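Chemist: Assemble the complex: chain A is given as a structure, and chain X must be docked to it using the hints.
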Amino acid sequence: MFSDREVLSTLEMIKSENLDLRTVTLGVSLFDCCSDDAERFQENIFRKIVGLASQLVGVCDEVGEKYGVPVVNKRIAVSPVATVGAPFSTAQLVEIARVLDRAAKEVGVDFVGGFTALVEKGFTRGDRALIEAIPEALAVTERLCSSVNVASTRAGINMDAVWLMGKTIKRTAEMTAARDGLGCAKLVIFANIPQDIPFMAGAYLGIGEPDSVINVGVSGPGVVNQAILRARRENSDISLGELSEIIKRTACRVTRVGELMGREVAQRLKARFGIVDLSLAPTPNVGDSVGEIFQSLGLSRIGVPGSTAVLAMVNDAVKKGGAFASCNVGGLSGAFIPVSEDLNIAAAAADGYLCLEKLEAMTSVCSVGLDMVALPGDTSAETLAGIIADEMAIGMINKKTTAARLIPVPGKKAGEKAVFGGLLGEAVIMPVRCNEACHDFIKRGGLIPAPIQSMTN
Amino acid sequence: MHKLVLSVLGKDRPGIVAKVSATLAALGCNIEDCSQTILQTEFAAIFIISNREARPLGEVERSLREELAESGLTARIKPMEENGGNSTTETFLPFVVTTKGPDRLGMIAALSGAMAELCCNINNFRAIVRSGQKREEMITIFEISLPGTVELKTLKERLETVARSFALEVSVQHSAIFEATNKI
Chain A
37 MFSDREVLST LEMIKSENLD LRTVTLGVSL FDCCSDDAER FQENIFRKIV GLASQLVGVC
97 DEVGEKYGVP VVNKRIAVSP VATVGAPFST AQLVEIARVL DRAAKEVGVD FVGGFTALVE
157 KGFTRGDRAL IEAIPEALAV TERLCSSVNV ASTRAGINMD AVWLMGKTIK RTAEMTAARD
217 GLGCAKLVIF ANIPQDIPFM AGAYLGIGEP DSVINVGVSG PGVVNQAILR ARRENSDISL
277 GELSEIIKRT ACRVTRVGEL MGREVAQRLK ARFGIVDLSL APTPNVGDSV GEIFQSLGLS
337 RIGVPGSTAV LAMVNDAVKK GGAFASCNVG GLSGAFIPVS EDLNIAAAAA DGYLCLEKLE
397 AMTSVCSVGL DMVALPGDTS AETLAGIIAD EMAIGMINKK TTAARLIPVP GKKAGEKAVF
457 GGLLGEAVIM PVRCNEACHD FIKRGGLIPA PIQSMTN
Chain X
51 MHKLVLSVLG KDRPGIVAKV SATLAALGCN IEDCSQTILQ TEFAAIFIIS NREARPLGEV
111 ERSLREELAE SGLTARIKPM EENGGNSTTE TFLPFVVTTK GPDRLGMIAA LSGAMAELCC
171 NINNFRAIVR SGQKREEMIT IFEISLPGTV ELKTLKERLE TVARSFALEV SVQHSAIFEA
231 TNKI
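Protein sequences appear in the order of chains A and X. Offset between the first sequence (1-based) and the numbering used here: plus 36. Offset between the second sequence (1-based) and the numbering used here: plus 50.
Don't read these hints as lab results, they were simulated from the structure. Wrong hints could be hidden among the right ones.
Computed beta-carbon distance windows for the label pairs [unchecked claim]:
(1) X:Gly198 <-> A:Val176: 47 to 53 angstroms
(2) A:Ile274 <-> X:Glu132: 34 to 40 angstroms
(3) A:Arg308 <-> X:Gly163: 43 to 49 angstroms
(4) A:Ser490 <-> X:Arg180: 55 to 61 angstroms
(5) X:Glu132 <-> A:Ala359: 36 to 42 angstroms
(6) A:Asp73 <-> X:Gly198: 32 to 38 angstroms
(7) X:Glu201 <-> A:Leu483: 58 to 64 angstroms
(8) A:Gly457 <-> X:Thr91: 54 to 60 angstroms
(9) X:Met130 <-> A:Gly94: 44 to 50 angstroms
Note that the structure is predicted; figures quoted are calculated from it, not measured. Here a beta-carbon is modelled for each residue, glycine too, at the ideal position from N, C-alpha and C.
Only chain A is shown next, with the shape it has when bound in the complex (with noise of 0.2 angstroms):
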């Protein structure tokens, strides 16, 4: 028997408060249709996919229909192709990426992620023809997401896979130019990549994951918001140490729910349940922002003086919440700062409260890193590059996930307006300073040692 508050309280977190099950996203190992004939492996990952994931749509629909929770996404991972397609050229992989898309079409999921290449350390050929596919494979089709991770604690930064990352962000705009570079919002370049992130565009299946399992990422920034201002309702002194528990404690109670659904879409498709990943992840809609959760806790827009701390703490109660919830808990786990994707953020952009660099400094303490951020479109490769070798090292150094996904916009300058469409929202560009100042630093190429273990002050 459940009491009246129980009830309601539940109900009103998913009815007014935008709780979702955001991402089901079927992880579906390659390994097993490797061949060196392109043809053969073409045909074995489309049959794989299809034969695996024709049933996840109507399952996620179902299993939304049981709780009253909607699965928002559905999407699938793959292994990575780099490593999976290593025999092939370019071409050829502009051709699987052809393949997975018209998988994903076919059983009907909005992406595939996986068209990734891991290269901390150095290139294999296979991921050197797949970074040189990417441009191509982005913008000749719809549903497929990439990633490229350049950097690790263990390994240290890629700078040649960074700089080349530059110039391939430069190419996937040209090519995607008529969308405001609309590829560039399906490309993620990572250091610390999890093998099992649910959310796009970083999703792909590890190499240590198995056949087939079911990763799920549970949003609800609109949740966590209307818990902290409800507490300061009943409580206008409510200190911040009182507030972290709340927000921990709301972590929690969203985890729960993404665990649950999770774990029945996994046994109805009888793949392995493999984590849940809570994130404060918005939408272009309003009451489903992280941006409101910085004024929500006294900023008056994010941005300003203090949050750098407003996110630590988010970000940190979101973790330990998440954590007491599940054992199963993986991902990226935190808060997700997207310029376009939060009409809060990106109005704070627009209104001047918020520039690169104090975005910057809020990644060394959110989740991810500098994610969906609008670049003028004359912002060079070596700049791009040297922007993405800083979001690196802040990842290396800090033991975490950090990623950067710009959009140098083709033709347009800071202060107009990009537009992506969707959940990928739409952002006023942000000027760059100093665009052309590192080239000689990113030319230089070579790889920024791994950190040192020991002496950490």
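Modeler: Below, chain X without anything else, positioned relative to chain A:
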């Protein structure tokens, strides 16, 4: 040993449970299970008791009525049916039905009638009047058992039809979601 079911109704005040339990103890009747609630000013309770001294039902009933009448309480007693009246082996799934909207005559009859037609047993039911933004609204919460032979979709469609005719919002959710978010 014969079990008896006792129900007690009356205006709420301190001492009702003490009075009922003392009377039962004096009759040699042991309380095995009990649930009580208070709605606005009214007390209601149901007791499952074991008649340890095998006193005739009429005697137990007479004594209880006499003792409790002094306190303004109404008591009814009857023998408990074998298996608690629920002997089916059919599987049931626990769901929570919640409605929200204006309080209108006949809505609870229509909602519970739709559930009865589909053989859904109501295990717990509450109706709460809450002040909404513009006017008072009625919230109803039914915890039900849905027979395994009835599709969730059928129940939802049936309840949504009723809800539309009374301008209600209705939700039907498996109880595990409430368990997951509240019982840690």
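Chemist: Now tell me, hint by hint, if it's right for this structure.
Modeler: We went through each hint and held it up to the structure:
no. : hint                                      : result
1   : X:Gly198 <-> A:Val176: 47 to 53 angstroms : holds (48 angstroms)
2   : A:Ile274 <-> X:Glu132: 34 to 40 angstroms : violated (56 angstroms)
3   : A:Arg308 <-> X:Gly163: 43 to 49 angstroms : holds (44 angstroms)
4   : A:Ser490 <-> X:Arg180: 55 to 61 angstroms : holds (60 angstroms)
5   : X:Glu132 <-> A:Ala359: 36 to 42 angstroms : violated (49 angstroms)
6   : A:Asp73 <-> X:Gly198: 32 to 38 angstroms  : violated (49 angstroms)
7   : X:Glu201 <-> A:Leu483: 58 to 64 angstroms : holds (60 angstroms)
8   : A:Gly457 <-> X:Thr91: 54 to 60 angstroms  : holds (58 angstroms)
9   : X:Met130 <-> A:Gly94: 44 to 50 angstroms  : holds (46 angstroms)
Violated hints for the displayed structure, listed by number in ascending order: 2, 5 and 6.
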